[in-house]
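Colleague: If you read the protein sequences in the order shown, they are chains A and B. Using the working numbering, you'd call the opening residue of the first sequence number 6 and step up by one each time. Using the working numbering, you'd call the opening residue of the second sequence number 6 and step up by one each time.
Incorrect hints may appear among the rest.
Which copy? The list can't say, so a pair holds if one copy fits it or any two copies do.
Okay, derived cross-link-like pairs now, DSS-like style, lysine-lysine, Cα gap no bigger than 25 Å in a straight line [what the hints assert, rightly or not]:
1) 464 - 19
2) 290 - 53
3) 53 - 131
4) 100 - 143
5) 503 - 68
6) 131 - 490
7) 399 - 231
8) 407 - 56
If you are wondering where the hints come from, they were derived from the structure by calculation, not from laboratory data. Predicted, not measured: the structure shown is a model, and the values here were computed from it.
The chain contents come next:
2 protein chains.
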Amino acid sequence: MRFSTAFIPTLRQKPKEAEAVSHKLMVRSGMVRRLTSGIYCYLPLGWKVLKKVIDIVREEMDKTGAQEVLLPAIHPIELWEKTGRVHDLGDDMIKFKNRSDRIMALGPTHEEVITWLVAGEVHSYKQLPVILYQIQTKFRDEPRPRFGVIRTCEFIMKDAYSFHTDWDSLDIAYNEMYSAYSRIFERCGLDFVIVEADPGVMGGDVSHEFMALSQYGEDKVVVCSKCDYRTSLEIAERKPPEIEIREKTFKEIKEVHTPGISSVEDVSRFLNVSPQQLLKTIIYKAGDKFIAALVSGDKEINEVKLRRHLGVKELRMAEPDEIKNITGAEVGFSGPVGLKVKKIADYDVEEMSNFVTGANKTDYHLKNVNIGRDFKIDEYADIRYVQQGDNCPKCGEKLEIKNAIEIGHIFKLGTKYSQPLNAIFLDEKGKEHPIIMGCYGIGINRIIASYIEQNYDDKGIIWNRELTPFQFVIIPINMSDERIKTKAEEIYQFLMEKGCEVLYDDRDLRAGIKFNDAELIGIPEQIIIGDKYLKEGKIELKSRRTRESRLLSGPEDILTSLSAG
Amino acid sequence: MRFSTAFIPTLRQKPKEAEAVSHKLMVRSGMVRRLTSGIYCYLPLGWKVLKKVIDIVREEMDKTGAQEVLLPAIHPIELWEKTGRVHDLGDDMIKFKNRSDRIMALGPTHEEVITWLVAGEVHSYKQLPVILYQIQTKFRDEPRPRFGVIRTCEFIMKDAYSFHTDWDSLDIAYNEMYSAYSRIFERCGLDFVIVEADPGVMGGDVSHEFMALSQYGEDKVVVCSKCDYRTSLEIAERKPPEIEIREKTFKEIKEVHTPGISSVEDVSRFLNVSPQQLLKTIIYKAGDKFIAALVSGDKEINEVKLRRHLGVKELRMAEPDEIKNITGAEVGFSGPVGLKVKKIADYDVEEMSNFVTGANKTDYHLKNVNIGRDFKIDEYADIRYVQQGDNCPKCGEKLEIKNAIEIGHIFKLGTKYSQPLNAIFLDEKGKEHPIIMGCYGIGINRIIASYIEQNYDDKGIIWNRELTPFQFVIIPINMSDERIKTKAEEIYQFLMEKGCEVLYDDRDLRAGIKFNDAELIGIPEQIIIGDKYLKEGKIELKSRRTRESRLLSGPEDILTSLSAG
Chain A
6 MRFSTAFIPT
16 LRQKPKEAEA
26 VSHKLMVRSG
36 MVRRLTSGIY
46 CYLPLGWKVL
56 KKVIDIVREE
66 MDKTGAQEVL
76 LPAIHPIELW
86 EKTGRVHDLG
96 DDMIKFKNRS
106 DRIMALGPTH
116 EEVITWLVAG
126 EVHSYKQLPV
136 ILYQIQTKFR
146 DEPRPRFGVI
156 RTCEFIMKDA
166 YSFHTDWDSL
176 DIAYNEMYSA
186 YSRIFERCGL
196 DFVIVEADPG
206 VMGGDVSHEF
216 MALSQYGEDK
226 VVVCSKCDYR
236 TSLEIAERKP
246 PEIEIREKTF
256 KEIKEVHTPG
266 ISSVEDVSRF
276 LNVSPQQLLK
286 TIIYKAGDKF
296 IAALVSGDKE
306 INEVKLRRHL
316 GVKELRMAEP
326 DEIKNITGAE
336 VGFSGPVGLK
346 VKKIADYDVE
356 EMSNFVTGAN
366 KTDYHLKNVN
376 IGRDFKIDEY
386 ADIRYVQQGD
396 NCPKCGEKLE
406 IKNAIEIGHI
416 FKLGTKYSQP
426 LNAIFLDEKG
436 KEHPIIMGCY
446 GIGINRIIAS
456 YIEQNYDDKG
466 IIWNRELTPF
476 QFVIIPINMS
486 DERIKTKAEE
496 IYQFLMEKGC
506 EVLYDDRDLR
516 AGIKFNDAEL
526 IGIPEQIIIG
536 DKYLKEGKIE
546 LKSRRTRESR
556 LLSGPEDILT
566 SLSAG
Chain B
6 MRFSTAFIPT
16 LRQKPKEAEA
26 VSHKLMVRSG
36 MVRRLTSGIY
46 CYLPLGWKVL
56 KKVIDIVREE
66 MDKTGAQEVL
76 LPAIHPIELW
86 EKTGRVHDLG
96 DDMIKFKNRS
106 DRIMALGPTH
116 EEVITWLVAG
126 EVHSYKQLPV
136 ILYQIQTKFR
146 DEPRPRFGVI
156 RTCEFIMKDA
166 YSFHTDWDSL
176 DIAYNEMYSA
186 YSRIFERCGL
196 DFVIVEADPG
206 VMGGDVSHEF
216 MALSQYGEDK
226 VVVCSKCDYR
236 TSLEIAERKP
246 PEIEIREKTF
256 KEIKEVHTPG
266 ISSVEDVSRF
276 LNVSPQQLLK
286 TIIYKAGDKF
296 IAALVSGDKE
306 INEVKLRRHL
316 GVKELRMAEP
326 DEIKNITGAE
336 VGFSGPVGLK
346 VKKIADYDVE
356 EMSNFVTGAN
366 KTDYHLKNVN
376 IGRDFKIDEY
386 ADIRYVQQGD
396 NCPKCGEKLE
406 IKNAIEIGHI
416 FKLGTKYSQP
426 LNAIFLDEKG
436 KEHPIIMGCY
446 GIGINRIIAS
456 YIEQNYDDKG
466 IIWNRELTPF
476 QFVIIPINMS
486 DERIKTKAEE
496 IYQFLMEKGC
506 EVLYDDRDLR
516 AGIKFNDAEL
526 IGIPEQIIIG
536 DKYLKEGKIE
546 LKSRRTRESR
556 LLSGPEDILT
566 SLSAG
């Protein structure tokens, strides 16, 4: 492609609205333009890269035997009502009334539609297993679109769904997808970790996230500094700390008046104690019972871990009236002393002494509270979020917390969708069972942003050979020098005939501008044609990443030089 | 692909809801399933064909130098308000309120967004011309989705947009697109005609439609039985007929009482005359003037032709109060006698005599009206729809009217979008001009339906080599015969290694079922492996279209035989 006629509007200035590096570089290199909040146009350069990613994903999916389909974006709301997800997704799901006054949804994902489809066609164990996938546009009304194409309202997803007679068959597909995902992200050149995750709104039992490490990632992953333990912050565990009691003398318990003061911050300031000396008491409804979860004031309860520890399906914070019933006080004044419900404390709490708690009396707190003397803990457990420096549950070494972008997510769904949507098969004996399902997603657009977050320098993007929009950029230093221009044309024609993807910068501009654009766009190999070397019959081949140059005699040398390098 | 594990749910029975042949066959062959009115799922077979069409379209677009982009489906409504098309499209456009209470539209087409994009990036004549295209999903809330994938609410379109400094440059791009479209539809194996059309809601001056002939087509094209005249019914013209006066004696004009009787049908029944003996008088507002258009009662006024004849931009029927002002009577009783506005009659009217018209008096008509004696015609013109048997305006031979499906449409838009959206360039002298535009659309899904409408028999679809989901289907007659099975596997492996697309029907089913499915799906070449010929070391290669068989010695012969055939 000739740069002079290409629609590649590069920008010198950084776009004001962009925070993330990938966002800035995608706008500056002319890959994308923002139409409105969370909605992007892919220009020719951006689309070329997107298509490279799509081709890799399709190739690896086809290798697994998954069969490609294309499902519609418009869904009847009734399907989403049957699974109850119309409520789970809330305002994230885009809905509209059609001209017949029927409510329709724009698919934020396709479990409902694919399960409906399979339910209508698959009736016998002989038709299973089957894996279907699509590469298709999803719609979500994001409350806070941000970081360019990382979090948007409209994006391309590869979503696959597998259907099985039993869990063993699902395991096989799940493992194949796990491997295919690893190959995809490796081919895309991403630095990623695979972490176990909580299935959340998708339902099911087992799930893994594929996370690209990046400072602008909105997710957190926990990585052991020594062993291979890596997981999402959501479910990361830690080795119980070795307890040392801070103060061995129990001071006398005192009730203090704290009018209208209830937050950790306010109480610690008012009583002049550190947040570590406060014990937070949160009342939860766990299944059909109420419990109290206790952590020190500087820590956060991890509800996923708490829910899993309790072995219940549903967990929610108690409502203000429920709290008043249980504690006798308004929200913010709960404490463990005299509390009738089961008390579960994080391991950390064991080493606390002479601490502050709510008094179960509105506007009052207790000072110098102590475990054992004033109340009993029913269970100690790991119920708070892991922090940097906690100990690895596997090897005991220090854990690190890193930002990451979720690029893939795989789930063992079980019968969460097949049951409400009546996707049933008959086994060999003619008995009915719901189909066992898995689902597997990849955020196509995010792969691009994640790659850029991991591969750039102060000049611009640094593409690898798999994702780059062009393999070569030809930069003639001076278009008014006929010898240079002729040589450049010759090389362009040669490489095009060889089927290479080439951007030929035939613009009559200063060499500096051409170099800047080439570096910004990030094409791996620059072919520089200048007076100095051309006199000796040489052209220069320069690597964008290593910045190393080689002098070559002619166009034929370019390809041999590359395959050798 | 092995049929035993493929998701190809063929049906023996015709789906009840299907009218069009293509719809029936796409459902029966397992290509598509209807999720809800106007919304379809593409199953693996359907997607394979869709992708073949997409690949052909992309290849031919890339050859023209058009650059591929991907624009979003969600558009801010403000862009559509600026061009006024939010009103033109009305309920066809799907709109929703996002969580910030902003009205967003789902793109039914992309003139607004692409013009916005180009307006932001192109500022100089040096950046022009540029042609951008995308292959992307469009959304329209169709009042009457029908004929399977021919008229749906969600469909894939290839839409291209060209941007120019002048009309000459637009003409070059327009002609290139015209040629590219012809190549695309030829490669897709379609029997199509190219007709001039009225640009309608898209605006602009010149437009051509590419129409696939089909009995279920919702559009009409007019084709000369002899010469190359072919055009849309909307603008088809005819040679003025040679006039012969039916009755030479003018009877006496009479006023008759026709209480509440005003439609052509009712008046002709009441007065016992044929509709041909009635003269319809329709009052229009043409630009800022009123005119009367006259045709005989059995013909329909073609408003596009009337508008073009008058040389006005806007034409609409007069409102009841306007009609009353002009004629002095209610709607349905207008007539030319004594009427003060300009009277334009179709050529046919010249040979009418002693006819019936409205009396310009509520509840009255006139009998035995005659031109010349009772009123004057200001102009004769070709203002009615062409009918089967009218004379070709070019060669005078008979015109034929055929049903057709619109598969492509190209428009010279001019500045219809660049002006309201402020897409301006500076010429060599630094003077501002609005960019001159063209736009070019292809309905991807309709290509498939149109192809099937033109290529089927009582057994099913008959694919050509460009669109077929598989080149070969291997049919072993009996899977429990080890020799047959081994041979089939061998051929399957051989063809797969050669990179062929093969459906291997390895199902343990009766041969009849396998043949029925192979014919229904319509794969061009059947490789039949049966006991009879295998004894002689032969396999059978049968053409789906010609039903001719050849006996071959081994898998190598299949490919040589094909390239020879």
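Colleague: None of the hints should be skipped; say for each whether it holds.
Modeller: Right, here's what the structure says about each hint:
1. For the homomeric pair residue 464 and residue 19, the shortest alpha-carbon distance inside one copy (12 Å) is at most 25 Å, but the shortest distance between copies (62 Å) is not.
2. Taking the shortest alpha-carbon separations for residue 290 and residue 53, neither the intra-copy value of 51 Å nor the inter-copy value of 51 Å comes in at or below 25 Å.
3. Taking identical chains as interchangeable, the C-alpha atoms of residue 53 and residue 131 lie at most 25 Å apart only when they sit on different chains, with a minimum of 24 Å there against 41 Å within one chain.
4. Proximity of residue 100 to residue 143 under the C-alpha cut-off of 25 Å is found in both arrangements, the shortest distances being 13 Å within a copy and 17 Å between copies.
5. In the homo-oligomer, the alpha carbons of residue 503 and residue 68 lie at most 25 Å apart only across protomers (17 Å), although the nearest pairing inside one protomer, at 28 Å, exceeds that limit.
6. Taking the closest pair of Cα atoms, residue 131 and residue 490 come within 25 Å of each other only across two copies (20 Å); inside a single copy the shortest separation is 65 Å, beyond that limit.
7. Taking the shortest alpha-carbon separations for residue 399 and residue 231, only the intra-copy value of 10 Å comes in at or below 25 Å, while the best inter-copy value is 86 Å.
8. Taking the closest pair of Cα atoms, residue 407 and residue 56 never come within 25 Å of each other, the shortest separation being 29 Å inside a single copy and 40 Å across copies.
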